[in-house]
Amino acid sequence: MVVDRIRNVVLVATGMVFLAGAAPLLLAEAKITALAKGPEPLTSSDDVRLLRFADFSEVAQVQEGDILAEGDLLSSVSGQTTVEVTCEDGSLLRFSGGFRVLIDAPTDSSCAVDFLSGSLDVVTDRPTEVNAGGVVLGSEGTHYSVELSRVEGERRTECSVFDGRVRVMSDGLDEPVEAGTAWTLSKGNVRWLRGADLEPVLNRVALRSAKFDLAQAVKMKRATYSEKSLTNLKDLHLAVLRTPADTGKRIALAKQQIMYERKDDAAYNLTQAQINTADKLEDNGIDPRVLRGAKYIRVAPRRPVQDPYALIKQQRYKEAIEVLSAQAKKQADSKVYYGLAIAYAGLEGARSKTANGYAARAQRQNANDKKLSSAQLREVSRIQAAYSRQDIQVRVPVNRPAVIENRRLEGVVTPRRQ
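Per the numbering used here, residue 35 is the first one in the sequence shown, and the count goes up by one each step.
In case anyone wonders, no lab produced these hints; they're calculated from the structure.
Bear in mind that the values here come from a model prediction, so they are computed numbers and not experimental data.
Mixed in with the good hints there might be a few duds.
Claimed, not checked - Derived lysine-lysine pairs resembling DSS-like cross-links, with alpha carbons at most 30 Å apart: (1) Lys347 with Lys369; (2) Lys405 with Lys387; (3) Lys297 with Lys364; (4) Lys363 with Lys347; (5) Lys255 with Lys221; (6) Lys221 with Lys314; (7) Lys268 with Lys71; (8) Lys289 with Lys347; (9) Lys352 with Lys369; (10) Lys221 with Lys262; (11) Lys404 with Lys289; (12) Lys314 with Lys71; (13) Lys283 with Lys71; (14) Lys65 with Lys297; (15) Lys352 with Lys314; (16) Lys347 with Lys387; (17) Lys352 with Lys255; (18) Lys283 with Lys255; (19) Lys352 with Lys71; (20) Lys297 with Lys347; (21) Lys363 with Lys405; (22) Lys314 with Lys364; (23) Lys297 with Lys262; (24) Lys283 with Lys363; (25) Lys283 with Lys262; (26) Lys364 with Lys352; (27) Lys253 with Lys221; (28) Lys268 with Lys283.
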(Lines of atoms letter the chains of each structure in order from A and count residues from 1; the text may use other names and numbers.)
(Lines give C-alpha, C1' and ligand atoms only; values in the text may rest on other atoms or scores of the structure.)
Protein backbone atom coordinates (compact mmCIF):
# COMPACT_ATOMS: atom_id res chain seq x y z
CA MET A 1 0.00 0.00 0.00
CA VAL A 2 0.99 3.64 -0.54
CA VAL A 3 0.85 4.32 3.20
CA ASP A 4 3.22 1.44 3.95
CA ARG A 5 5.72 2.58 1.34
CA ILE A 6 5.67 6.17 2.61
CA ARG A 7 5.97 4.91 6.21
CA ASN A 8 9.19 3.11 5.27
CA VAL A 9 10.57 6.28 3.69
CA VAL A 10 9.81 8.21 6.86
CA LEU A 11 11.54 5.70 9.10
CA VAL A 12 14.61 5.45 6.89
CA ALA A 13 14.88 9.20 6.28
CA THR A 14 14.53 10.18 9.92
CA GLY A 15 16.42 7.26 11.41
CA MET A 16 14.19 7.56 14.49
CA VAL A 17 14.35 4.86 17.16
CA PHE A 18 11.97 4.79 20.11
CA LEU A 19 13.46 3.87 23.47
CA ALA A 20 11.53 3.10 26.62
CA GLY A 21 11.35 6.19 28.80
CA ALA A 22 12.74 8.44 26.03
CA ALA A 23 11.79 12.10 26.16
CA PRO A 24 9.09 13.22 23.72
CA LEU A 25 10.27 14.62 20.40
CA LEU A 26 10.60 18.37 20.01
CA LEU A 27 8.05 19.36 17.38
CA ALA A 28 9.11 21.61 14.53
CA GLU A 29 5.73 23.04 13.62
CA ALA A 30 5.02 24.54 10.22
CA LYS A 31 1.86 25.43 8.34
CA ILE A 32 0.61 25.15 4.76
CA THR A 33 -0.21 28.75 3.89
CA ALA A 34 -0.92 28.63 0.13
CA LEU A 35 -1.53 26.21 -2.74
CA ALA A 36 -1.56 26.65 -6.50
CA LYS A 37 -1.67 24.51 -9.62
CA GLY A 38 0.24 26.54 -12.18
CA PRO A 39 -1.42 29.98 -12.13
CA GLU A 40 -4.63 28.54 -10.64
CA PRO A 41 -5.15 29.22 -6.91
CA LEU A 42 -6.27 26.36 -4.66
CA THR A 43 -7.52 26.12 -1.11
CA SER A 44 -7.15 22.33 -1.02
CA SER A 45 -5.66 19.64 -3.24
CA ASP A 46 -5.79 15.87 -3.63
CA ASP A 47 -2.68 16.19 -5.80
CA VAL A 48 -0.57 16.50 -2.63
CA ARG A 49 -0.41 13.77 0.01
CA LEU A 50 0.47 14.16 3.66
CA LEU A 51 1.57 11.28 5.89
CA ARG A 52 1.40 12.06 9.61
CA PHE A 53 4.32 10.69 11.54
CA ALA A 54 2.50 10.77 14.88
CA ASP A 55 -0.02 8.06 13.94
CA PHE A 56 0.97 7.22 10.33
CA SER A 57 -2.42 8.39 9.09
CA GLU A 58 -2.62 9.61 5.53
CA VAL A 59 -4.28 12.88 4.58
CA ALA A 60 -5.51 12.40 1.03
CA GLN A 61 -6.43 16.05 0.50
CA VAL A 62 -4.30 18.77 2.06
CA GLN A 63 -5.73 22.20 2.79
CA GLU A 64 -4.54 25.68 3.56
CA GLY A 65 -3.98 25.93 7.28
CA ASP A 66 -2.91 22.29 7.75
CA ILE A 67 -0.27 22.06 10.45
CA LEU A 68 2.89 20.07 9.73
CA ALA A 69 4.91 18.58 12.59
CA GLU A 70 8.30 16.93 12.85
CA GLY A 71 8.43 13.68 10.88
CA ASP A 72 5.48 14.50 8.60
CA LEU A 73 6.03 13.70 4.93
CA LEU A 74 4.57 15.90 2.20
CA SER A 75 4.64 14.65 -1.40
CA SER A 76 3.36 15.61 -4.83
CA VAL A 77 1.35 13.15 -6.93
CA SER A 78 1.49 14.74 -10.41
CA GLY A 79 4.24 17.32 -9.90
CA GLN A 80 1.94 20.14 -11.01
CA THR A 81 1.00 21.66 -7.63
CA THR A 82 3.01 24.20 -5.65
CA VAL A 83 2.74 24.23 -1.87
CA GLU A 84 3.87 27.12 0.32
CA VAL A 85 4.89 26.16 3.85
CA THR A 86 5.56 28.81 6.48
CA CYS A 87 7.76 27.85 9.41
CA GLU A 88 7.25 29.12 12.95
CA ASP A 89 9.92 31.77 12.41
CA GLY A 90 8.23 33.06 9.26
CA SER A 91 10.54 31.44 6.69
CA LEU A 92 8.73 30.73 3.42
CA LEU A 93 9.39 27.39 1.70
CA ARG A 94 7.73 26.74 -1.67
CA PHE A 95 7.77 23.18 -2.98
CA SER A 96 6.99 22.40 -6.62
CA GLY A 97 7.60 19.75 -9.26
CA GLY A 98 7.57 16.12 -8.14
CA PHE A 99 8.53 17.03 -4.60
CA ARG A 100 8.86 14.92 -1.47
CA VAL A 101 9.83 16.65 1.74
CA LEU A 102 10.13 15.61 5.37
CA ILE A 103 9.68 18.13 8.17
CA ASP A 104 12.82 17.78 10.24
CA ALA A 105 13.89 18.62 13.78
CA PRO A 106 15.72 21.96 13.72
CA THR A 107 19.20 22.23 15.23
CA ASP A 108 20.90 25.59 14.73
CA SER A 109 17.89 26.91 12.84
CA SER A 110 14.19 27.03 13.58
CA CYS A 111 13.23 25.76 10.12
CA ALA A 112 14.66 22.47 8.83
CA VAL A 113 13.57 19.95 6.19
CA ASP A 114 14.84 16.79 4.55
CA PHE A 115 14.27 17.53 0.88
CA LEU A 116 14.03 14.27 -1.06
CA SER A 117 13.09 15.41 -4.58
CA GLY A 118 11.62 18.26 -6.64
CA SER A 119 12.12 22.02 -6.52
CA LEU A 120 12.31 24.22 -3.46
CA ASP A 121 12.39 28.02 -3.24
CA VAL A 122 13.34 29.57 0.10
CA VAL A 123 12.69 33.20 1.10
CA THR A 124 13.81 34.13 4.60
CA ASP A 125 15.83 36.46 6.76
CA ARG A 126 16.33 33.77 9.39
CA PRO A 127 18.46 30.61 9.60
CA THR A 128 17.26 27.57 7.65
CA GLU A 129 18.65 24.09 7.13
CA VAL A 130 17.89 21.91 4.11
CA ASN A 131 19.23 18.37 3.76
CA ALA A 132 19.07 17.80 0.00
CA GLY A 133 20.05 14.21 -0.72
CA GLY A 134 22.99 14.20 1.67
CA VAL A 135 24.04 17.77 0.86
CA VAL A 136 23.31 20.02 3.84
CA LEU A 137 22.51 23.63 2.98
CA GLY A 138 22.59 26.15 5.82
CA SER A 139 21.56 29.74 5.32
CA GLU A 140 20.69 32.94 7.11
CA GLY A 141 18.94 35.94 5.60
CA THR A 142 18.74 34.83 2.01
CA HIS A 143 16.73 33.85 -1.04
CA TYR A 144 17.80 30.63 -2.71
CA SER A 145 16.46 27.63 -4.62
CA VAL A 146 17.23 23.92 -4.55
CA GLU A 147 16.62 21.44 -7.38
CA LEU A 148 16.89 17.73 -6.67
CA SER A 149 16.58 15.34 -9.61
CA ARG A 150 18.13 12.29 -11.26
CA VAL A 151 20.24 12.36 -14.39
CA GLU A 152 21.05 8.95 -15.92
CA GLY A 153 20.20 7.30 -12.63
CA GLU A 154 22.50 9.61 -10.64
CA ARG A 155 21.25 12.17 -8.16
CA ARG A 156 21.79 15.79 -9.19
CA THR A 157 21.71 18.57 -6.59
CA GLU A 158 21.61 22.22 -7.56
CA CYS A 159 21.67 25.17 -5.16
CA SER A 160 21.21 28.67 -6.62
CA VAL A 161 21.64 31.72 -4.39
CA PHE A 162 20.03 35.07 -5.18
CA ASP A 163 20.56 36.97 -1.91
CA GLY A 164 23.00 36.46 0.93
CA ARG A 165 24.99 33.26 1.21
CA VAL A 166 24.34 29.54 1.61
CA ARG A 167 26.80 27.16 3.24
CA VAL A 168 27.14 23.84 1.42
CA MET A 169 28.35 20.79 3.35
CA SER A 170 28.80 17.33 1.81
CA ASP A 171 31.41 14.55 2.21
CA GLY A 172 34.11 16.76 3.66
CA LEU A 173 33.10 19.71 1.49
CA ASP A 174 32.26 22.91 3.34
CA GLU A 175 32.12 26.06 1.26
CA PRO A 176 29.90 29.11 0.79
CA VAL A 177 27.76 29.78 -2.27
CA GLU A 178 27.47 33.51 -2.78
CA ALA A 179 24.62 35.49 -4.33
CA GLY A 180 24.62 35.33 -8.13
CA THR A 181 26.00 31.79 -8.13
CA ALA A 182 24.66 28.27 -8.60
CA TRP A 183 26.41 25.17 -7.24
CA THR A 184 25.67 21.77 -8.77
CA LEU A 185 26.74 18.28 -7.76
CA SER A 186 26.22 15.44 -10.22
CA LYS A 187 28.07 12.11 -10.50
CA GLY A 188 30.54 13.31 -7.91
CA ASN A 189 31.49 16.39 -9.95
CA VAL A 190 30.97 19.96 -8.75
CA ARG A 191 30.12 22.71 -11.21
CA TRP A 192 29.68 26.42 -10.62
CA LEU A 193 27.31 28.56 -12.69
CA ARG A 194 27.67 32.33 -12.96
CA GLY A 195 26.79 35.13 -15.34
CA ALA A 196 25.23 33.94 -18.61
CA ASP A 197 25.38 30.30 -17.44
CA LEU A 198 23.00 31.21 -14.60
CA GLU A 199 20.39 32.79 -16.88
CA PRO A 200 18.28 29.62 -17.40
CA VAL A 201 18.07 29.17 -13.62
CA LEU A 202 17.00 32.79 -13.10
CA ASN A 203 14.29 32.50 -15.77
CA ARG A 204 13.01 29.26 -14.28
CA VAL A 205 12.80 30.66 -10.75
CA ALA A 206 11.28 33.98 -11.93
CA LEU A 207 8.53 32.11 -13.80
CA ARG A 208 7.76 29.89 -10.80
CA SER A 209 7.58 32.91 -8.51
CA ALA A 210 5.41 34.90 -10.93
CA LYS A 211 2.93 32.04 -11.38
CA PHE A 212 2.58 31.60 -7.65
CA ASP A 213 2.20 35.32 -6.92
CA LEU A 214 -0.38 35.72 -9.67
CA ALA A 215 -2.34 32.68 -8.48
CA GLN A 216 -2.62 34.18 -5.01
CA ALA A 217 -3.63 37.55 -6.48
CA VAL A 218 -6.43 35.82 -8.43
CA LYS A 219 -7.53 34.09 -5.25
CA MET A 220 -7.69 37.41 -3.38
CA LYS A 221 -9.55 38.97 -6.34
CA ARG A 222 -6.72 41.45 -6.85
CA ALA A 223 -6.06 40.34 -10.43
CA THR A 224 -7.31 38.16 -13.25
CA TYR A 225 -5.02 35.75 -15.02
CA SER A 226 -3.59 36.72 -18.40
CA GLU A 227 -0.37 35.92 -20.21
CA LYS A 228 0.47 39.63 -20.18
CA SER A 229 0.09 39.83 -16.37
CA LEU A 230 2.23 36.73 -15.96
CA THR A 231 4.94 38.07 -18.28
CA ASN A 232 5.02 41.47 -16.58
CA LEU A 233 5.31 39.88 -13.14
CA LYS A 234 7.98 37.47 -14.31
CA ASP A 235 9.99 40.41 -15.69
CA LEU A 236 9.82 42.16 -12.30
CA HIS A 237 11.08 39.02 -10.53
CA LEU A 238 13.78 38.46 -13.13
CA ALA A 239 15.05 42.04 -12.82
CA VAL A 240 15.55 41.56 -9.07
CA LEU A 241 17.19 38.14 -9.48
CA ARG A 242 19.64 39.56 -12.02
CA THR A 243 20.54 42.69 -10.05
CA PRO A 244 19.60 42.16 -6.38
CA ALA A 245 21.43 45.32 -5.30
CA ASP A 246 19.18 47.54 -7.46
CA THR A 247 16.89 49.20 -4.91
CA GLY A 248 14.54 50.62 -7.53
CA LYS A 249 13.82 47.19 -9.02
CA ARG A 250 13.13 45.70 -5.60
CA ILE A 251 10.73 48.52 -4.76
CA ALA A 252 8.91 48.06 -8.08
CA LEU A 253 8.47 44.32 -7.39
CA ALA A 254 7.44 44.97 -3.78
CA LYS A 255 4.74 47.44 -4.83
CA GLN A 256 3.28 44.89 -7.24
CA GLN A 257 3.41 42.21 -4.54
CA ILE A 258 1.59 44.52 -2.11
CA MET A 259 -1.08 45.08 -4.75
CA TYR A 260 -1.35 41.29 -5.13
CA GLU A 261 -1.58 40.73 -1.35
CA ARG A 262 1.84 39.02 -1.25
CA LYS A 263 2.85 41.08 1.76
CA ASP A 264 5.49 38.73 3.20
CA ASP A 265 7.37 38.64 -0.10
CA ALA A 266 7.00 42.41 -0.47
CA ALA A 267 8.30 42.96 3.05
CA TYR A 268 11.32 40.76 2.33
CA ASN A 269 12.20 42.82 -0.75
CA LEU A 270 11.71 46.12 1.06
CA THR A 271 13.90 44.96 3.92
CA GLN A 272 16.62 43.91 1.47
CA ALA A 273 16.36 47.38 -0.07
CA GLN A 274 16.60 48.91 3.45
CA ILE A 275 13.19 50.53 3.03
CA ASN A 276 12.08 49.52 6.51
CA THR A 277 11.02 52.66 8.34
CA ALA A 278 7.69 54.44 8.13
CA ASP A 279 9.39 57.54 6.73
CA LYS A 280 11.24 55.62 4.00
CA LEU A 281 8.12 53.67 3.05
CA GLU A 282 6.09 56.85 2.72
CA ASP A 283 8.87 58.52 0.74
CA ASN A 284 8.52 55.65 -1.76
CA GLY A 285 4.75 55.91 -1.94
CA ILE A 286 4.00 52.93 0.33
CA ASP A 287 1.56 53.17 3.22
CA PRO A 288 3.25 51.45 6.22
CA ARG A 289 -0.13 50.21 7.41
CA VAL A 290 -0.46 47.78 4.50
CA LEU A 291 2.49 45.78 5.87
CA ARG A 292 1.00 45.18 9.30
CA GLY A 293 1.53 41.56 10.28
CA ALA A 294 3.96 40.87 7.43
CA LYS A 295 7.02 38.74 8.08
CA TYR A 296 10.60 39.95 7.57
CA ILE A 297 9.87 43.59 8.25
CA ARG A 298 9.76 45.45 11.49
CA VAL A 299 8.75 48.96 10.53
CA ALA A 300 10.52 51.38 12.81
CA PRO A 301 8.21 54.03 14.30
CA ARG A 302 7.99 57.31 12.48
CA ARG A 303 10.44 59.87 13.72
CA PRO A 304 8.68 62.72 15.53
CA VAL A 305 8.64 65.70 13.19
CA GLN A 306 10.28 68.67 14.81
CA ASP A 307 9.12 72.22 14.28
CA PRO A 308 11.53 73.60 11.64
CA TYR A 309 11.00 77.17 12.79
CA ALA A 310 11.95 76.21 16.34
CA LEU A 311 15.09 74.63 14.89
CA ILE A 312 15.85 77.85 12.98
CA LYS A 313 15.52 79.88 16.19
CA GLN A 314 18.02 77.50 17.80
CA GLN A 315 20.32 78.04 14.78
CA ARG A 316 20.06 74.32 13.92
CA TYR A 317 19.80 75.17 10.26
CA LYS A 318 20.82 71.82 8.76
CA GLU A 319 18.17 69.97 10.78
CA ALA A 320 15.56 72.54 9.81
CA ILE A 321 16.49 72.15 6.13
CA GLU A 322 16.14 68.36 6.42
CA VAL A 323 12.63 68.65 7.88
CA LEU A 324 11.51 71.30 5.40
CA SER A 325 12.99 69.42 2.41
CA ALA A 326 11.00 66.32 3.39
CA GLN A 327 7.85 68.46 3.60
CA ALA A 328 8.61 69.98 0.20
CA LYS A 329 8.72 66.49 -1.39
CA LYS A 330 5.21 65.74 -0.15
CA GLN A 331 3.44 69.08 -0.52
CA ALA A 332 5.37 72.26 -1.08
CA ASP A 333 3.68 75.56 -0.28
CA SER A 334 4.85 79.11 0.22
CA LYS A 335 5.51 78.57 3.95
CA VAL A 336 7.81 75.64 3.26
CA TYR A 337 9.77 77.65 0.68
CA TYR A 338 9.87 80.59 3.09
CA GLY A 339 11.31 78.35 5.81
CA LEU A 340 13.95 76.98 3.43
CA ALA A 341 14.91 80.50 2.40
CA ILE A 342 15.35 81.58 6.04
CA ALA A 343 17.25 78.39 6.95
CA TYR A 344 19.69 78.67 4.03
CA ALA A 345 20.22 82.36 4.78
CA GLY A 346 21.24 81.37 8.29
CA LEU A 347 23.41 78.48 7.12
CA GLU A 348 25.15 80.03 4.12
CA GLY A 349 24.93 83.73 4.84
CA ALA A 350 22.66 86.60 3.92
CA ARG A 351 23.62 86.56 0.23
CA SER A 352 23.10 82.80 -0.26
CA LYS A 353 22.12 81.90 -3.82
CA THR A 354 20.08 78.95 -2.51
CA ALA A 355 18.25 81.17 -0.03
CA ASN A 356 17.45 83.62 -2.85
CA GLY A 357 16.08 80.80 -5.00
CA TYR A 358 13.74 79.58 -2.28
CA ALA A 359 12.69 83.14 -1.51
CA ALA A 360 11.67 83.58 -5.14
CA ARG A 361 9.69 80.31 -5.02
CA ALA A 362 7.99 81.40 -1.81
CA GLN A 363 6.91 84.66 -3.41
CA ARG A 364 5.55 82.95 -6.55
CA GLN A 365 3.75 80.23 -4.56
CA ASN A 366 2.22 82.76 -2.19
CA ALA A 367 0.49 84.40 -5.15
CA ASN A 368 -1.59 81.20 -5.28
CA ASP A 369 -1.94 79.98 -1.70
CA LYS A 370 -1.72 83.30 0.24
CA LYS A 371 -0.12 81.60 3.27
CA LEU A 372 2.57 84.16 4.09
CA SER A 373 2.00 87.04 6.46
CA SER A 374 3.02 90.59 5.60
CA ALA A 375 6.08 90.30 7.85
CA GLN A 376 7.13 87.05 6.19
CA LEU A 377 6.73 88.58 2.73
CA ARG A 378 8.98 91.46 3.81
CA GLU A 379 11.61 88.94 4.95
CA VAL A 380 11.39 87.17 1.59
CA SER A 381 11.84 90.47 -0.25
CA ARG A 382 14.83 91.42 1.88
CA ILE A 383 16.51 88.04 1.26
CA GLN A 384 16.18 88.68 -2.46
CA ALA A 385 17.47 92.23 -2.04
CA ALA A 386 20.44 90.99 -0.01
CA TYR A 387 21.40 88.64 -2.82
CA SER A 388 21.33 91.39 -5.44
CA ARG A 389 22.63 94.34 -3.40
CA GLN A 390 25.58 94.93 -1.10
CA ASP A 391 23.90 97.34 1.29
CA ILE A 392 21.24 95.03 2.77
CA GLN A 393 21.88 92.60 5.59
CA VAL A 394 19.53 89.74 6.54
CA ARG A 395 19.08 88.34 9.99
CA VAL A 396 17.20 85.06 10.41
CA PRO A 397 14.92 84.70 13.47
CA VAL A 398 16.77 83.72 16.64
CA ASN A 399 15.76 83.48 20.27
CA ARG A 400 18.57 85.71 21.40
CA PRO A 401 20.71 88.53 19.92
CA ALA A 402 23.57 87.32 17.77
CA VAL A 403 26.31 88.75 15.60
CA ILE A 404 26.37 88.33 11.84
CA GLU A 405 29.22 89.77 9.83
CA ASN A 406 30.56 91.47 12.98
CA ARG A 407 27.33 93.43 13.52
CA ARG A 408 25.00 92.99 16.52
CA LEU A 409 21.39 92.59 15.36
CA GLU A 410 18.17 92.49 17.32
CA GLY A 411 15.49 92.22 14.61
CA VAL A 412 14.80 89.79 11.83
CA VAL A 413 16.05 91.96 9.00
CA THR A 414 17.97 95.17 9.46
CA PRO A 415 19.12 97.56 6.69
CA ARG A 416 22.77 98.50 7.02
CA ARG A 417 23.34 102.11 7.97
CA GLN A 418 24.90 104.26 5.30
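For each hint, the structure was consulted:
no.	hint	result
1	Lys347 with Lys369	holds, 16 Å
2	Lys405 with Lys387	holds, 23 Å
3	Lys297 with Lys364	holds, 25 Å
4	Lys363 with Lys347	holds, 23 Å
5	Lys255 with Lys221	violated, 46 Å
6	Lys221 with Lys314	violated, 49 Å
7	Lys268 with Lys71	holds, 17 Å
8	Lys289 with Lys347	violated, 40 Å
9	Lys352 with Lys369	holds, 17 Å
10	Lys221 with Lys262	violated, 40 Å
11	Lys404 with Lys289	violated, 37 Å
12	Lys314 with Lys71	violated, 36 Å
13	Lys283 with Lys71	holds, 27 Å
14	Lys65 with Lys297	holds, 17 Å
15	Lys352 with Lys314	holds, 19 Å
16	Lys347 with Lys387	holds, 21 Å
17	Lys352 with Lys255	violated, 47 Å
18	Lys283 with Lys255	holds, 25 Å
19	Lys352 with Lys71	violated, 56 Å
20	Lys297 with Lys347	violated, 43 Å
21	Lys363 with Lys405	holds, 18 Å
22	Lys314 with Lys364	holds, 12 Å
23	Lys297 with Lys262	holds, 22 Å
24	Lys283 with Lys363	holds, 21 Å
25	Lys283 with Lys262	holds, 19 Å
26	Lys364 with Lys352	holds, 19 Å
27	Lys253 with Lys221	violated, 42 Å
28	Lys268 with Lys283	holds, 13 Å
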